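A.B. asks: Based on the provided sequences and hints, a complete structural model is requested.
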Amino acid sequence: DQQVKQNSPSLSVQEGRISILNCDYTNSMFDYFLWYKKYPAEGPTFLISISSIKDKNEDGRFTVFLNKSAKHLSLHIVPSQPGDSAVYFCAASAGGRDDKIIFGKGTRLHILP
Amino acid sequence: DAGVIQSPRHEVTEMGQEVTLRCKPISGHNSLFWYRQTMMRGLELLIYFNNNVPIDDSGMPEDRFSAKMPNASFSTLKIQPSEPRDSAVYFCASSDWAANYGYTFGSGTRLTVV
Chain P
215 DQQVKQNSPS LSVQEGRISI LNCDYTNSMF DYFLWYKKYP AEGPTFLISI
265 SSIKDKNEDG RFTVFLNKSA KHLSLHIVPS QPGDSAVYFC AASAGGRDDK
315 IIFGKGTRLH ILP
Chain W
10 DAGVIQSPRH EVTEMGQEVT LRCKPISGHN SLFWYRQTMM RGLELLIYFN
60 NNVPIDDSGM PEDRFSAKMP NASFSTLKIQ PSEPRDSAVY FCASSDWAAN
110 YGYTFGSGTR LTVV
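The listed protein sequences correspond, in order, to chains P and W. Just add 214 to the spot in the first sequence (first one is 1) and you have the working numbering. Just add 9 to the spot in the second sequence (first one is 1) and you have the working numbering.
Everything labelled a hint here was simulated from the structure, so no lab data went into it. What you are looking at is a predicted structure, and each value in this text was computed from that prediction instead of being measured. Some hints could be false.
[Claimed, not checked] Lysine-lysine pairs mimicking DSS-like chemistry, simulated, CA-CA at most 25 Å apart:
(1) P:Lys-282 x P:Lys-270
(2) P:Lys-314 x W:Lys-33
(3) W:Lys-77 x P:Lys-314
(4) P:Lys-314 x P:Lys-270
(5) W:Lys-33 x W:Lys-87
(6) P:Lys-282 x P:Lys-268
(7) P:Lys-314 x W:Lys-87
(8) P:Lys-285 x P:Lys-270
(9) P:Lys-314 x P:Lys-219
C.D. replies: This is the structure we're talking about:
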């Protein structure tokens, strides 16, 4: 049973426009959420995170929004650039000493020229 | 730091053979994680260690899979005997959970069982 769900396997966005990647979770114990980016033949790399006490976190072109009541988070990339083409994984953790991170299946983002 | 180092990068083996994947975590990190990536299931957590002790192996699919961490700088994931459905990319990651959240992943081992 997937605790972290990314329902869009792929997304295509025009260069310069906003990319919005969505993620839903089912475990109400999750209190920390992360986004990872993965290029082919490389391991995932950490992109941005948000604690459950916040509803927004921004880092340059990347912003993550958290809606706890809906158990939903989203990653906004603006403006989208060609180098943003990658697979994006949404992930969540319940925190504490049990810090294992549960990942979604990923969304492949294509930035179109 | 060289990051998390995994070997080999690619492994092709015949069904029934033993396969051993290796991982060297980042020095000073006290947690180590083994993940498997497939198209159908995405990134699945197989097992993780804190201070070299296995904490949660509930993701290990079958008894054919085993993992060890004999010291803070080395871990192995073994599959014996291997089957074609084990074909996937296996990632190792490490973290210093006391300092921050988020893992550093290795580049992965692409395993193909024929």
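A.B. asks: Please go over all the hints and tell whether each is borne out by the structure.
C.D. replies: Hints versus structure:
no. : hint                  : result
1   : P:Lys-282 x P:Lys-270 : holds (11 Å)
2   : P:Lys-314 x W:Lys-33  : holds (19 Å)
3   : W:Lys-77 x P:Lys-314  : holds (18 Å)
4   : P:Lys-314 x P:Lys-270 : holds (23 Å)
5   : W:Lys-33 x W:Lys-87   : holds (15 Å)
6   : P:Lys-282 x P:Lys-268 : holds (9 Å)
7   : P:Lys-314 x W:Lys-87  : holds (21 Å)
8   : P:Lys-285 x P:Lys-270 : holds (14 Å)
9   : P:Lys-314 x P:Lys-219 : holds (17 Å)
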